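Asks: Single-letter residue listing:
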Amino acid sequence: MNVGTSGNNGTNGSTPHLRLQMLSNPLYLSGARELVSSVAKRLGFPDTACGQIALAVDEALCNVMRHGYDRREDAPIWISVWPFTDEHGDALRIVIEDEAKQVDPAAIKSRDLEQIRPGGLGVHIIKEVMDDAVYEKRDAVGMRLTLVKRKAPKPTPAPTATSAPAPNASGNSDV
Amino acid sequence: MNVGTSGNNGTNGSTPHLRLQMLSNPLYLSGARELVSSVAKRLGFPDTACGQIALAVDEALCNVMRHGYDRREDAPIWISVWPFTDEHGDALRIVIEDEAKQVDPAAIKSRDLEQIRPGGLGVHIIKEVMDDAVYEKRDAVGMRLTLVKRKAPKPTPAPTATSAPAPNASGNSDV
Amino acid sequence: MSDETLQVDVVEQAGAVLLAPQGELGYNEAPTLRQYLKQAHDKKPTRIVVDLANVSYMNTPGVATLVESLQISKRNRTRLILCGMNDKVRAIFEIARLNTVFEIMADRDSAMA
Amino acid sequence: MSDETLQVDVVEQAGAVLLAPQGELGYNEAPTLRQYLKQAHDKKPTRIVVDLANVSYMNTPGVATLVESLQISKRNRTRLILCGMNDKVRAIFEIARLNTVFEIMADRDSAMA
Ligand SMILES: Nc1ncnc2c1ncn2[C@@H]1O[C@H](COP(=O)(O)OP(=O)(O)O)[C@@H](O)[C@H]1O
Ligand SMILES: Nc1ncnc2c1ncn2[C@@H]1O[C@H](COP(=O)(O)OP(=O)(O)O)[C@@H](O)[C@H]1O
Chain A
1 MNVGTSGNNG TNGSTPHLRL QMLSNPLYLS GARELVSSVA KRLGFPDTAC
51 GQIALAVDEA LCNVMRHGYD RREDAPIWIS VWPFTDEHGD ALRIVIEDEA
101 KQVDPAAIKS RDLEQIRPGG LGVHIIKEVM DDAVYEKRDA VGMRLTLVKR
151 KAPKPTPAPT ATSAPAPNAS GNSDV
Chain B
1 MNVGTSGNNG TNGSTPHLRL QMLSNPLYLS GARELVSSVA KRLGFPDTAC
51 GQIALAVDEA LCNVMRHGYD RREDAPIWIS VWPFTDEHGD ALRIVIEDEA
101 KQVDPAAIKS RDLEQIRPGG LGVHIIKEVM DDAVYEKRDA VGMRLTLVKR
151 KAPKPTPAPT ATSAPAPNAS GNSDV
Chain C
1 MSDETLQVDV VEQAGAVLLA PQGELGYNEA PTLRQYLKQA HDKKPTRIVV
51 DLANVSYMNT PGVATLVESL QISKRNRTRL ILCGMNDKVR AIFEIARLNT
101 VFEIMADRDS AMA
Chain D
1 MSDETLQVDV VEQAGAVLLA PQGELGYNEA PTLRQYLKQA HDKKPTRIVV
51 DLANVSYMNT PGVATLVESL QISKRNRTRL ILCGMNDKVR AIFEIARLNT
101 VFEIMADRDS AMA
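Residue numbers (my numbering), protein chains in the order written: chain A, 1 to 175; chain B, 1 to 175; chain C, 1 to 113; chain D, 1 to 113.
Calculated from the structure, these hints are not laboratory results.
Among the clues, some could well be false.
With a straight-line Cα cutoff of 27 Å, these simulated DSS-like cross-link-like pairs (lysine-lysine) come out [as the list claims (entries may be wrong)]:
hint, chain 1, residue 1, chain 2, residue 2
1, D, Lys88, A, Lys127
2, A, Lys151, A, Lys41
3, C, Lys88, B, Lys127
4, A, Lys41, B, Lys41
5, B, Lys41, C, Lys38
6, A, Lys41, C, Lys44
7, B, Lys137, B, Lys127
8, C, Lys88, B, Lys151
9, B, Lys109, C, Lys88
10, B, Lys41, B, Lys127
11, A, Lys151, D, Lys88
12, D, Lys88, A, Lys109
13, B, Lys109, B, Lys127
14, D, Lys88, B, Lys41
15, A, Lys41, D, Lys88
16, A, Lys101, A, Lys41
Computed spacing ranges between beta-carbons, pair by pair [as the list claims (entries may be wrong)]:
hint, chain 1, residue 1, chain 2, residue 2, range
17, C, Arg90, D, Asp87, 32 to 38 Å
18, B, Glu136, D, Asp107, 54 to 60 Å
19, D, Gln71, B, Gly44, 43 to 49 Å
20, D, Arg90, B, Glu87, 47 to 53 Å
21, A, Gln115, C, Gln35, 54 to 60 Å
22, C, Arg90, B, Asp132, 31 to 37 Å
23, C, Gln39, D, Val11, 51 to 57 Å
24, A, Lys101, D, Lys38, 31 to 37 Å
25, C, Arg90, D, Arg77, 22 to 28 Å
26, D, Arg77, A, Gln102, 42 to 48 Å
27, C, Arg90, B, Thr15, 34 to 40 Å
28, C, Val11, D, Asp42, 55 to 61 Å
Reference excerpt, derived from the structure (chain A facing chain D, CB under 8 Å, subset only) [as the list claims (entries may be wrong)]:
hint, residue
29, Leu55
30, Cys62
31, Val64
32, Thr85
33, Gly119
On a predicted model such as this, the values are computed, not experimentally measured, just so you know.
We treat Cβ as the ideally placed atom computed from N, Cα and C, and that holds for glycine.
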């Protein structure tokens, strides 16, 4: 079966393959989570990746409910899903949108991990488990979070022939 | 936590609590199924009922894809969900809509169960596991299936004082 | 993107073929089971056993595939036995009134005996 | 409609309180665990064990509740031990760099020993 995706990321203007509109009621978090993880599983993502996608979506939705809508339970949230394939392989794009207050995307970040206290971890976890997580203001009202998860982790770009690799340029380097 | 439903069935014109728009691609059947059964579970429906809701939605979506859209995989299907409470207790209303060809609702029925052959069972199963299943034509284009599942089975109406019960009026009657 | 296909374990033993599909058996997976059943029928075995113990979910495309196989079995005089149904799967056969049409046994051991 | 609440099994034994939440531990369930932890702390036990063996899913509200409990534990000089984490739950503690902050043991038996 083919999901009919083109070589580009296929989101700009195209209809999402799935789009869930839900009320900002925490009762519906598990439904949204199960939807995205089942879809990812069916598209052939490994179980770990499916769990990570569910976790990221759950954290992001909790944040919209708590911070965006101040726990109002009857406001709309949209979750759109597009599978796509690019030069790095198969991937899933998930976009979460709300009509909540707009905040500076730079202000959406977790606490310093060294400073142990309850809370302040969600955004860090989202960024850690997804390959991409970008917050932005929507045109008129509300925020948009664009998440990307790849089937195979994106390879770190190899140093080009003309530039010598800097010592310890990456945390994994043993040079 | 309260889902904020009123005493009536709360669907007419009101925003669904969840509304999934999906492509008519069988890849997404499992996602839709998991969405509705997780929501039912979270709303306190027993496990058996959650499984029945998932089954009915799956059968109905398969039928839209096969009969409505003739296996076209890029057409839209909408699944809307409303919890509601009426004099019979808590219930879930699920509405499945398409833009496929319109057929006479009376023609949507399974084969005679006595006549054993592959297929021709889906509609029978949907009607059996749900408390209500009504097909109708949408205003301009497409079909609508309205499903209702109750937390507790609706009691069969007791015979009124003035009318003597007819012998064998119901299949369960031992009169 | 690649589709997850149905995994079916096959055991051949003393003129019997056992098929054990794994996981969900819905619209997407039923055609795969149909292929396996066709191959089993082609061998004209005395018995075909479909062990549903590891089928977590099933709907009418799966049921239809089994009904079709039952019809081939009758023509070929092959015995078709279903076993290992969980409650959810059994309920579908009961609603479809197919529980008395198929030969149904508790588990693989009794079905292969 | 009624909400499914978190079930938490409680065992009290020789100055230790063991709490075993069952099922999902997310935004909806974390406040219930918080109540149970508060009641456990009120007894000023020498040890509180949170057995996560039957927690199938956990996210940051659950983690935050446990961090808060760790802070109370330090004030009260109570030993707080987490045990029974599956890989998915363990991963969240690792990403949050909390795996070295909590005392974590394999299972209930070692945590209660
Ligand atoms: N959807 C959102 N809308 C507005 N602000 C947000 C949103 N998500 C996160 N934030 C901001 O980012 C901060 C960090 O979020 P997070 O790491 O999840 O921790 P916490 O929610 O516990 O504070 C929040 O305190 C909030 O200020
Ligand atoms: N969504 C639908 N749109 C149009 N026709 C339908 C739809 N669902 C069912 N039908 C009609 O009802 C019949 C019975 O459906 P069903 O009991 O599911 O068995 P099957 O799909 O195997 O024929 C179908 O053959 C079809 O003619």
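Asks: Could you run down the list of hints and mark each one as holding or not?
Replies: Against the structure, the hints come out as follows:
Only pairs whose Cα atoms come within 27 Å are accepted, and D/Lys88 paired with A/Lys127 is accepted, the gap being roughly 17 Å. Only pairs whose Cα atoms come within 27 Å are accepted, and A/Lys151 paired with A/Lys41 is accepted, the gap being roughly 11 Å. In summary, the hint linking C/Lys88 to B/Lys127 is supported, as the alpha carbons are separated by about 17 Å, within the 27 Å threshold. Among the hinted pairs, A/Lys41 with B/Lys41 is consistent with the structure: their alpha-carbon atoms are about 21 Å apart, no more than 27 Å.
Of the pairs offered as hints, the one joining B/Lys41 and C/Lys38 is violated, with about 38 Å between alpha carbons and a cut-off of 27 Å exceeded. With a C-alpha separation of about 37 Å, the suggested pairing of A/Lys41 with C/Lys44 is violated against the 27 Å cut-off. Our distance criterion of 27 Å between C-alpha atoms is met by B/Lys137 and B/Lys127, whose separation comes to about 18 Å. Between C/Lys88 and B/Lys151, the direct Cα distance comes to roughly 18 Å. Compliance with the 27 Å bound is thereby established for this hinted pair.
Pair hint B/Lys109 plus C/Lys88 holds up; C-alpha atoms about 23 Å apart against a cutoff of 27 Å. The hinted pair formed by B/Lys41 and B/Lys127 meets the criterion: a straight-line CA distance of about 21 Å does not exceed 27 Å. With a CA separation close to 18 Å, the supplied pair A/Lys151 and D/Lys88 stays within the 27 Å bound. With a CA separation close to 23 Å, the supplied pair D/Lys88 and A/Lys109 stays within the 27 Å bound.
The suggested pairing of B/Lys109 with B/Lys127 holds, with an alpha-carbon distance near 10 Å, which does not exceed 27 Å. Simply put, D/Lys88 and B/Lys41 have alpha-carbon atoms about 22 Å apart, close enough for the 27 Å limit, and the pair holds. Taken as a hint, the A/Lys41 and D/Lys88 pair is honoured in the structure, with Cα atoms around 16 Å apart against an allowance of 27 Å. With a C-alpha separation of about 33 Å, the suggested pair A/Lys101 and A/Lys41 falls outside the 27 Å cut-off, and the hint is violated.
At roughly 33 Å, the beta carbons of C/Arg90 and D/Asp87 sit within the given window of 32 to 38 Å. About 56 Å separates the C-beta atoms of B/Glu136 and D/Asp107, a value consistent with the hinted range of 54 to 60 Å. Between D/Gln71 and B/Gly44, the C-beta spacing of about 34 Å breaks the proposed range 43 to 49 Å. The supplied range of 47 to 53 Å is met by D/Arg90 and B/Glu87, whose beta-carbon atoms lie about 49 Å from each other.
The beta-carbon spacing between A/Gln115 and C/Gln35, approximately 59 Å, falls within the hinted interval of 54 to 60 Å. Look at C/Arg90 against B/Asp132: about 24 Å separates their beta carbons, and that is not inside 31 to 37 Å. The given range of 51 to 57 Å is respected by C/Gln39 and D/Val11, whose C-beta atoms sit roughly 54 Å from each other. Checked against the hint of 31 to 37 Å, the pair A/Lys101 and D/Lys38 passes, with Cβ atoms roughly 32 Å apart.
Look at C/Arg90 against D/Arg77: about 56 Å separates their beta carbons, and that is not inside 22 to 28 Å. For the pair D/Arg77 and A/Gln102, the beta carbons lie near 46 Å from each other, so the given range of 42 to 48 Å is met. Our hint of 34 to 40 Å for C/Arg90 and B/Thr15 holds, since their Cβ atoms are close to 39 Å apart. Between C/Val11 and D/Asp42 the C-beta distance comes to about 59 Å, which sits within the given range of 55 to 61 Å.
A cut of 8 Å between beta carbons decides the hint on A/Leu55: the least distance to chain D is about 6 Å, and the hint holds. Annotation: A/Cys62 was flagged as interfacial toward chain D, and the flag holds, the nearest CB pair being 5 Å apart, inside 8 Å. Checking A/Val64 against chain D by beta carbon gives a least distance of about 11 Å; that is not within 8 Å, so the hint is violated. For the restraint placing A/Thr85 at the interface with chain D, the shortest Cβ-Cβ distance is roughly 27 Å, beyond the 8 Å limit, so the hint is violated.
The beta carbon of A/Gly119 is positioned within 8 Å of a beta carbon in chain D (closest approach about 5 Å), and the interface hint is therefore held.
Comparing the model with each earlier hint shows violations of hints 5, 6, 16, 19, 22, 25, 31 and 32; every other hint is respected.
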